[in-house]
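2 protein chains.
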Amino acid sequence: MNNSSANLCNQPQSTNMLSPEQLKFLERAIELSQQGMDSGNGGPFGCVVVQNGKIVGEGNNRVTSTNDPTAHAEVVAIREACKKLNTFQLNDCDIYTSCEPCPMCLGAIYWARPRSVIYANTREEAAAIEFDDDFIYSEINAAIGDRKIPFHHHPNKKAKAVFEAWHKWSGRKKY
Amino acid sequence: MNNSSANLCNQPQSTNMLSPEQLKFLERAIELSQQGMDSGNGGPFGCVVVQNGKIVGEGNNRVTSTNDPTAHAEVVAIREACKKLNTFQLNDCDIYTSCEPCPMCLGAIYWARPRSVIYANTREEAAAIEFDDDFIYSEINAAIGDRKIPFHHHPNKKAKAVFEAWHKWSGRKKY
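Protein chains in written order, with this note's numbering: chain A, 1 to 175; chain B, 176 to 350.
None of these hints come from the bench; they were simulated from the model.
It is possible that some hints are incorrect.
What the hints assert, rightly or not - Simulated pairs of lysine to aspartate or glutamate, EDC-like, Cα-Cα distance not exceeding 16 Å:
1. A:K148 - B:D267
2. B:K348 - A:D132
3. B:K348 - A:E27
4. A:K173 - B:D267
5. A:K173 - A:E130
6. A:K168 - B:D213
7. B:K335 - A:D92
8. A:K157 - B:E202
9. B:K349 - A:D132
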């Protein structure tokens, strides 16, 4: 599987128009992307989480200002929304983001399980201004032995035993 | 592209034996996975970040105890290591994790850019105890219109203008 085939699978779907309220939320995410850049927080990305017509979480990229490579706009907004709503699940929320989520943020979104995601710029447009999203998408599909960062699999009986203990444990809290 | 083809692309590579020191780090990650489960922090996952033979960051899963869907072991360990080392890049570090990283953590790892990743359990073993890693890997490769969480692309001139401003800005800090 190569980069171009991965891209081919991910062409944006054509969608309906946004309502004025939805456009307002998308433009708030874009405004945050501008503010984050202007204030030196990090890259030009912003995000809001919306529940029942109200913003419950906001974020802009803060990687370079906080020395946290995970502080992307979506991760920051999801963490803030979850803290505010006292939950680790955003089932009845929508996420508006100024750019198509990178693989890390896509994963974070799937774990938070919102209702939908609305985005403006694409991963290809991010790649054009030198953000590695598209490279990481292609690495995910590379055979593990061909990845630019070497991944080594070392099965371990103790690790497997922890998984088995979890699975047998009736008190486990699923997420 | 379907789930089985994604799996086929990602078979673990065969690797050499770990040194006694490397095994110690992997087993520390496994120990953290057990401790995190036993203390009710979250799922059975642990991770350490190692630089020059020393652990500089540790983490276990804390999703359910902190209401943070992004608090996976790898994200927690990467954030701790970056804070300690005062950097957003872990170029000379190795990451030892009790389980193959999920897509979110894989993305976090690529943004942190460590030297290598060593893991014990696989994504398929995680799926067998009801963690959605494998599902999310397949969703990444689904056409956006076929995803279980709807993604909607709405190009916006203001969003594009922010990207262009970033690209033209000589003071931008790359990451």
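Here is what the structure says about each hint:
Among the hinted pairs, A:K148 with B:D267 is consistent with the structure: their alpha-carbon atoms are about 14 Å apart, no more than 16 Å. Taken as a hint, the B:K348 and A:D132 pair is honoured in the structure, with Cα atoms around 14 Å apart against an allowance of 16 Å. A hinted pair counts as satisfied when its Cα atoms are at most 16 Å apart, and B:K348 with A:E27 does not qualify at roughly 24 Å. Taking the CA atoms of A:K173 and B:D267, the gap is about 36 Å. The hint is violated against a cut of 16 Å.
A threshold of 16 Å between alpha carbons decides the hint, and for A:K173 with A:E130 the separation of about 40 Å lies outside it, so the pair is violated. The suggested pairing of A:K168 with B:D213 holds, with an alpha-carbon distance near 13 Å, which does not exceed 16 Å. Of the supplied pair hints, the one linking B:K335 and A:D92 is violated, its CA atoms being roughly 29 Å apart against a limit of 16 Å. Note on A:K157 and B:E202: the hinted pairing holds, with a Cα-Cα distance of about 10 Å set against a maximum of 16 Å.
Under the criterion of a C-alpha separation no larger than 16 Å, the hint pairing B:K349 with A:D132 is consistent with the structure, at around 11 Å.
Violated hints for the displayed structure, listed by number in ascending order: 3, 4, 5, 7.
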